[in-house]
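Visitor: If you want the building blocks of each chain, they are given just below.
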Amino acid sequence: MSGLPKATGQMLERMVADCRGLAAKAADRLGGRVHLMEVCGTHSHAIARAGIRSLLGEAVRLVSGPGCPVCVTDAGQIDLCLELASRPDTILATFGDMVRVPGSQGTLAETRARGGSVKVVYSPMEAVKAAQEAPDRQVVMAGVGFETTAPTVACMVREADRLGLRNLSLLSAHKVVPPALRALVAAEEVALHGFICPGHVSVVIGSNAYRSIADEYGVPCVVAGFEPADILLAIRMLLQQVVDGDAKVENAYRRAVTPEGNRHAVEAMDSVFAVGEASWRGIGIIPGSGLLLREEWSAYDAMRRFALSAPEGYDHPACHCGEILRGARLPVECPAFGSACTPARPLGPCMVSSEGACAAEHRYQAA
Amino acid sequence: MCLAVPGRVEAIEESVAVVDVGGATVRARLDLCPDAEPGEWVLVHAGFALEKVDEEYAQETLALFAELDEIKAALGQESP
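Protein chains in written order, with the numbering used here: chain W, 91 to 457; chain L, 181 to 260.
So here's chain W without its partners, still in its complex pose (with noise of 0.2 Å):
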């Protein structure tokens, strides 16, 4: 039970046992284990740290998807940055997680090594400021992440117009989530049971925005917070539905998620993108997935103004960052895990990024 915090560890261990039943009670009913999947890196970090996956038993096999935004944008797409942050005249303004990322050709961290430009952020708005302070230069976001990101992005390309500036510009990956999910259903490579939703994009659009997984894939769905209590609760409810034969979305996550999300935030992005076909590293091309600059914003659009098209990435052979995030695969099931493949020496993003699956069991699985 290390891990777990001590103030209500009696009261986690008997929601551990109480998993622990209900989970037999559905592998009974399934006729084998209940394969779960959290679709979110802050959860994949939780469940190592806390150790739920060893808490459940046999019973549950939890895998964890597509839910590192990092991880899932495509190698070409870095390549794409690193190619930015090379040019003389230009500025590759990134989130801090997506510096140390393989692409085909390296990674930006390299790329700054080498001369590149690369302008870590922690808001999009700092790429705003520093477009004001260079004007001779051209500043590029490099757009990444799900619902919870991209509306304040979305302010970010709003706010470039607003000021007239001409010399910001962003190179959007920016994906949303309940596709990714329906397309890894429909795949049938791994039987899911359920979904673990992601707490802060679901803060955005809301808990019915999984309602056709439930409803029409037949797959029960569960937004959760992010404490191991918030976490264990929808593990609980989710094997309850697979037991009772239910697949409906619930809430354990009500303090921050409503049914109907954040109007003015979804307002913001969809006043910015429009959705279109977006590749996803290890996974492919998923229709609706992606977040694109809508034409009447097309001027900010960093493919249209520096004439670039996306080149194909390729990933290292010995990475199965694909199959993890997919939810085929555990991170302690890739030959590489550890040895060949290490935080320090990673060679696929799921070992990079803090939020990565591979990067959470290697942090915990000595703890």
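Honestly, the hints are just simulated from the structure, not real lab data.
Glycine included, each C-beta is placed from N, C-alpha and C at the ideal position.
Everything hinted at is true.
Where chain W lies over chain L, by a calculated footprint (3+ residues, C-beta under 8 Å):
#1 204-213
#2 222-230
Keeping only pairs whose Cα atoms sit at most 25 Å apart, straight-line, the calculated SDA-like set for lysine to any residue is:
#3 L:232 x W:351
#4 L:232 x W:361
#5 W:209 x L:185
#6 W:219 x W:387
#7 W:209 x W:186
#8 W:209 x W:248
#9 L:232 x W:316
#10 W:219 x L:183
#11 L:232 x W:317
#12 W:219 x L:193
#13 W:219 x L:194
#14 L:232 x W:345
#15 L:232 x W:211
#16 W:338 x W:304
#17 L:232 x W:216
#18 W:338 x W:279
#19 W:219 x L:200
#20 L:232 x W:344
#21 W:115 x W:279
#22 L:232 x W:353
#23 W:219 x W:382
#24 W:219 x L:192
With chain W's structure known, arrange chain L on it following the hints.
Guide: For chain L alone, coordinates are given in the frame of chain W:
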């Protein structure tokens, strides 16, 4: 990277909130959460207030656990 941290709005200056996040002061734009007011709690992500959260709800999950324990007791299930 979707992590958002809760903090208490201390003041609002030209549609930017000054937010106390665990003792640290951060500035968060209110574009996505325009009706936040001083004294209220918000989730902060990437320099923006993402949503208001009710401080009282912080206890919600634990209350639910307590409920489940009662259910367990009623079912006569054993604790480990």
